[in-house]
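Given only the sequences and the hints, what does the whole structure look like? Please build it.
Number of protein chains: 2
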Amino acid sequence: MDISSANSLSYEDFVDTFGNVVEKNPLVAAAIWSHRPFANLSELEARIVEFIDKLPESGKEGILRCHPDLAGRDLQRGTLTRDSQDEQSQAGMASLTPEETARMYRLNTEYKRRFGFPFIICAKMNNKAAILRKLSERSGNDLAKERECAIDEVKKISSLRLRNLVLPDTQHKL
Amino acid sequence: MDISSANSLSYEDFVDTFGNVVEKNPLVAAAIWSHRPFANLSELEARIVEFIDKLPESGKEGILRCHPDLAGRDLQRGTLTRDSQDEQSQAGMASLTPEETARMYRLNTEYKRRFGFPFIICAKMNNKAAILRKLSERSGNDLAKERECAIDEVKKISSLRLRNLVLPDTQHKL
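As they're listed, the protein sequences go chains A and B.
Heads up, the first sequence is in the numbering used here, so the first residue is 1 and it goes up one at a time.
Heads up, the second sequence is in the numbering used here, so the first residue is 1 and it goes up one at a time.
Simulated from the structure, these hints should not be mistaken for laboratory data.
In this text the structure is predicted, and so the values were computed from the model without any measurement.
Treat the hints with caution; some may be incorrect.
Which copy is meant is left open, so a pair is good if it fits within one copy or across any two.
Unchecked claim - Subject to a maximum C-alpha distance of 25 angstroms in a straight line, what follows is the list of computed DMTMM-like cross-link-like pairs (lysine to aspartate or glutamate):
(1) K112 with D16
(2) K54 with E148
(3) K112 with D13
(4) K54 with E12
(5) K156 with D2
(6) K145 with D2
(7) K112 with E12
(8) K155 with E110
Take a look at the structure:
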């Protein structure tokens, strides 16, 4: 849809459409509906970023905790959101060897014990090797630095999900 | 469970348990997990209230927009959360006459057009007659006043849901 179609949605339809742009956080879409009309996709995205940035640190950690593990229980059980399923599959997380699955599980568990939220990375911008490398690397960060890293990844994921739903600003000017 | 059991939950189990204390807003539970350990149920509840109160006005409206209509589409389709289903049934919303259903639909529609969020009331603290009366009355409020009213009702609903999950402070001192 183009931005004017997005602007014309009722809050119910807006939340149905954009409620998972931030994983399992319909509140973000439900909140930014107050700021309609959006001039363009960039403004819609900026409102999402603004909402996240204004949350207290515990709220940012809350956003992170609503995400599934990479190559974790939800992937194995088939209980990922459709967005996450597509993203994790594309990054090769659905076709790990048993050894790679075991390694991911071990690294995810250590990471969660250290930080109290799951390791999040924009899977569509990374392949399997890069994900494993960055999981190891980022585990060495302190909490404040890593929270910031993880929130930056949430914003990248949201940006790509949004671009699957709304035409980019340049396209609908043609 | 008692408060010490709640304090010992992983964030995954905490969000599974408390994720709908604020309707369809797992973010609230996921965020307040950062504040463990809670001294008692009162502190757990106070953290939820604090999270909601610190949201910007658009965020408070977002919380409201994640709620279903009373006696609305989700009730008819059986797609309410289990909490909402229990609460609406107990208040007689599942056994309205066709005339009452039509009146609720009309009043809800007018309310949503006026305020941009659904009419919310703690159904367990009201009966059918009181709900219909207050829906009419509150429709006359201005936006700021009504947003405040509705958020107060969200807090009452959350408080009762929380008390279904965690033993009151007095009980576990016995």
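>> For a quick check of understanding: which of the numbered hints are violated here, in increasing order?
In response: When the structure is compared with the hints, only number 6 turns out to be violated.
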